[in-house]
Structures are given as structure tokens and as C-alpha cells.
Amino acid sequence: MAKVQVIGAWFSPFVKRVEISLKMKGVEYEYIEVDLINKPPLVLHHNPIHQKVPILIHDGKTILESAVILEYIDEVWEGPNILPKDPYQRARSRFWANFIDQKCVPATRKALWCRGEEQEKAIKEAREALKILECEVKDKKYFGGDQIDYVDIIGSFLAYWMRLFDEVAGLHLFTYEELPSLCKWADELCDNKYVKQHLPDKDRFVDRVRGHSKTTRSV
Amino acid sequence: MAEVKVIGSWSSPYTRKVEMALKMKGVEYDYIEEDLKNKSPLLLQHNPIHKKVPVLLHNGKPIVESMVILEYIDEVWEGPAILPKDPYDRAMARFWVKFIDDKCIPPMWKACWSVGEEQEKLKEEAKQGLKFLENEIKGKKLFGGDNIGIVDHAANFIAYWFPITADFVGLQRLMTEEEFPNLYRWADDYCSHTFVKENLPDKDGYIAILKSRYRSIIIWHYLSLINYVTFLVRSPHAFPIYEYEFK
Chain A
2 MAKVQVIGAW FSPFVKRVEI SLKMKGVEYE YIEVDLINKP PLVLHHNPIH QKVPILIHDG
62 KTILESAVIL EYIDEVWEGP NILPKDPYQR ARSRFWANFI DQKCVPATRK ALWCRGEEQE
122 KAIKEAREAL KILECEVKDK KYFGGDQIDY VDIIGSFLAY WMRLFDEVAG LHLFTYEELP
182 SLCKWADELC DNKYVKQHLP DKDRFVDRVR GHSKTTRSV
Chain B
231 MAEVKVIGSW SSPYTRKVEM ALKMKGVEYD YIEEDLKNKS PLLLQHNPIH KKVPVLLHNG
291 KPIVESMVIL EYIDEVWEGP AILPKDPYDR AMARFWVKFI DDKCIPPMWK ACWSVGEEQE
351 KLKEEAKQGL KFLENEIKGK KLFGGDNIGI VDHAANFIAY WFPITADFVG LQRLMTEEEF
411 PNLYRWADDY CSHTFVKENL PDKDGYIAIL KSRYRSIIIW HYLSLINYVT FLVRSPHAFP
471 IYEYEFK
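In order, the protein sequences belong to chains A and B.
When you number the first sequence by our numbering, it's gap-free, plus one each residue, and the end is 220.
When you number the second sequence by our numbering, it's gap-free, plus one each residue, and the end is 477.
Don't read these hints as lab results, they were simulated from the structure.
Among the hints, a few may not be true.
Straight-line C-alpha distance at most 27 Å; calculated DSSO-like pairs for lysine-lysine [stated by the list, open to error]:
#1 A:Lys122 <-> B:Lys269
#2 B:Lys351 <-> A:Lys139
#3 A:Lys62 <-> B:Lys328
#4 B:Lys351 <-> A:Lys53
Using the sequences and the hints given, assemble the complete structure.
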């Protein structure tokens with residue numbers, strides 16, 4: 002049995018965060034694809050509370066939640082830093098990661114999937130949140146500087162998945178006119194050697210989104 | 231000028247946990263009380279994005295968000311550990327912090343300020359979260375083991391602020407001793423811990439704040455139940471009390 006296992010789903014940006022991080026550290030792992038519609042006992046056993054992926058299993062111990070897993074990976078394995086070493090910079094990274102996960106992602110999700118007044122409100126919130134990120138990444142290749150770091154990995158959700166959703170939905174939240182630095186960052190990130198090999202195939206993913214949007218409007 | 235400052239709100243559990251963490255590490259600091267109804271230039275300068283408390287200023291550098299601040303305090307200063315040393319135990323602690331922040335506190339707080347079917351739904355949601363916490367604290371004095379840890383700090387609202395608020399608004403049967411004996415016992419142990427009890431806001435003072443800030447909402451609540459529920463259902467995240475008071 003491999004010492005490190007990742008239980009995931011091919012399309013999930015949260016799973017990919019974990020795989021990108023393990024790749025950065027040069028950690029070999031066994032990947033186990035699961036069906037999230039018919040969740041197998043493996044998922045229910047290792048994540049009884051949330052019943053979600055990703056799940057990292059290291060030497061038989063289970064670690065959950067992508068942001069928590071990333072910090073764990075950084076603490077356990079040598080290799081390029083995922084979080085900065087300096088405590089103040091670490092605090093800033095955690096702040097921006099929280100901002101992405103708690104403000105940008107929910108707002109852009111709602112903007113894409115809701116309708117009517119709720120969508121209008123969500124679009125406004127999403128634009129405001131993305132403009133704040135735009136300022137933070139200005140003049141930088143990545144949030145981590147010359148190398149990708151924790152914030153970039155967390156932000157990959159926006160850089161790839163959200164931009165694809167945006168394209169499908171035709172909302173134009175992510176445009177070079179409005180967010181030149183953020184779009185440039187997203188392009189650089191998606192081209193990064195650790196990231197691009199883990200991005201799900203665009204056509205396959207768009208097909209899934211289009212199929213999913215016909216059956217549900219839930220966020 | 232002090233090297234360390236805390237900008238906070240006296241009644242806020244988020245501010246209090248930062249202060250407790252600093253005191254546990256033996257760090258001296260200046261405390262600056264913030265008027266959340268008239269936010270100061272100092273706050274707006276150091277937390278321009280969220281405009282919330284607490285803010286820790288260390289050598290002029292701001293650190294915001296209470297859990298981020300706690301991790302920072304633990305990394306910078308020697309003294310009793312706030313997080314465990316072992317990476318797996320740290321991951322578990324971070325998991326529970328997130329769980330408490332995402333799944334327990336929001337529905338508990340919102341349930342205090344809602345009515346009817348909406349309140350019942352929130353109560354049920356909160357109880358689901360509390361059941362997992364109940365299981366987690368079984369057999370342990372504190373979430374941190376023998377000493378207060380980051381998970382205890384994360385749950386401080388549950389231990390102290392929630393019971394007072396629930397009692398004040400007349401919310402019943404959400405966290406009862408019958409249903410959650412271990413959590414109840416933990417809350418008692420936490421609040422009576424020598425260190426914690428010196429640093430909790432006094433109950434009457436907190437109730438006075440609840441009364442003064444929320445009087446108009448409570449009057450409206452009784453005058454117009456239907457409108458109140460509709461307001462909450464349509465825009466729960468804009469509910470000013472929750473955004474204002476916490477973080």
C-alpha cells in the first residue's frame with residue numbers, strides 16, 4: 002500500500018490543490034478517483050462529517066479540507082515552500098487564501114449560478130472582490146512572487162475553473178479590460194509546470210458543467 | 231510606543247481570544263477599543279478590506295482575522311503552545327477550527343435572531359454541528375487536552391457568548407445539557423479556567439450591549455414577524471449584527 006493516497010474527483014479544484022502541492026514537494030502518491038454522486042464507503046469512512054473530497058491519507062491518518070491539507074503537506078515534506086517562512090508573510094498568505102475561499106469563490110459561484118436579483122447582487126460582490134485581488138497581484142508574476150505559493154494554489158480555482166465557468170455562462174467577470182493583472186496571473190499560473198499537468202481537460206470539463214447546469218441551479 | 235497593539239471590541243469573542251492568546255504568551259500590549267458604529271481611521275487603515283476587529287499590530291504591521299492572528303502569535307512568541315506541535319495534530323486542530331467557524335457558530339448566532347420556521351431550521355443545522363463537537367470533546371477536559379488550545383479559542387463563543395445571547399432572546403433547546411452533556415461540561419470547564427474567567431466580558435455588561443444595539447430590531451421583530459422572517463430569508467448575509475459584531 003502506498004504511504005500517501007489522495008481520494009479525489011477529476012474535476013475538483015480542491016483536489017487539484019492537493020495534487021499540485023504534493024507535486025511541488027516531489028511526493029509520490031496513489032490517486033483514487035471516486036464517484037461523488039454515489040459516494041463509496043471509502044469517502045464516508047474517511048470523511049464522515051463532510052463526505053467530501055479531497056482526502057489525504059498519510060501513513061493511515063486522514064487529513065481533510067484542502068487548505069488544511071496544504072499546510073500539512075508543507076509541514077511534513079521538504080521541498081519548495083508552500084507558505085512563506087516569515088510569520089508575517091505567512092499571516093498575509095493565510096489572509097489572502099481566506100479572502101479567495103470566503104469572498105471570491107462564493108461570490109463568483111453565486112454570480113454564475115443564481116438568477117434575478119440575487120445574481121445581480123452576486124455579480125456586484127464578485128466584481129468588487131476580484132478588483133481587490135487585482136490590486137494585490139499587480140506587478141507580480143504570482144502571489145508568491147517568482148514562485149507559486151499557498152495563495153496561488155488556493156487561487157487556482159479562480160484562475161482555471163472560475164474562468165471556464167465564466168466563459169460558459171457568458172458573464173465576462175474575468176476580462177483583460179477590467180482585470181489585466183489578475184488575468185495575466187491566471188494565464189501564468191495555468192502555464193506553471195506544477196499546475197498545468199493537473200488541470201482537467203477543458204472540453205471534458207465544459208461538457209460536465211453544461212450537463213450539470215441543466216439539472217441544477219444550486220450553488 | 232508599545233510594540234504590540236490590539237484594536238478590538240470589548241464584547242467581541244474574536245477580540246477576546248486574541249487578548250487571551252497574547253496573555254497566555256506573556257506578551258504586553260496596548261488595547262485600543264473600537265467604536266464599531268463610527269469606525270476609526272486606524273481601523274480602516276489597517277483593515278481596509280473587511281473593516282473589522284480584531285486587528286493585531288506588531289511593530290506597525292497589521293495582522294487581521296482572529297484565527298490568522300492566533301497562528302501568528304503562536305509562531306512569533308515563546309510560551310504555552312496554542313497549536314499542537316505534531317503536524318497531524320495541527321491539521322486536526324485546524325479542521326475543527328474551520329468546522330466550528332463554518333458549521334456551528336453561524337447557525338447558532340442566526341438562530342438567536344430569527345423566528346418560526348427559519349429559526350427551527352437554523353437550530354437543526356446548529357445541532358448537527360454540535361453533535362460532532364460533542365463527540366470530539368468526549369473524554370477530554372479541553373479540546374486542547376489539558377491546556378487551552380486553538381480549538382477552545384475557536385469555540386469560545388459557544389462556551390460563553392451563546393448561552394447569554396440565547397437566554398436574552400429566549401431561544402430554547404438548542405444546546406441543552408441533556409443533549410450535549412460533554413459540550414456543556416467543556417463550556418463550564420473552559421469558562422471557569424483561571425485564565426479564561428479573568429478575561430471574559432462581564433455578563434451584565436454584554437447583556438447591556440445586546441439591549442442597546444438590538445432594541446430596535448427586537449421591537450421590529452415583535453411588531454412584524456412576517457417581514458422579519460422575509461428579511462432574513464432574503465438577505466441573511468447582510469444581517470448587520472453578525473457582520474458588525476464578529477471578527
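Cross-check of the supplied hints:
1. Proximity of Lys122 (chain A) to Lys269 (chain B) is assessed by CA-CA distance (about 25 Å); at most 27 Å being required, the pair is judged to hold.
2. Distance hint between Lys351 (chain B) and Lys139 (chain A) is unfulfilled; the C-alpha atoms sit about 44 Å from each other, more than 27 Å.
3. Simply put, Lys62 (chain A) and Lys328 (chain B) have alpha-carbon atoms about 19 Å apart, close enough for the 27 Å limit, and the pair holds.
4. Taking the CA atoms of Lys351 (chain B) and Lys53 (chain A), the gap is near 23 Å; set against the 27 Å cutoff, the hint holds.
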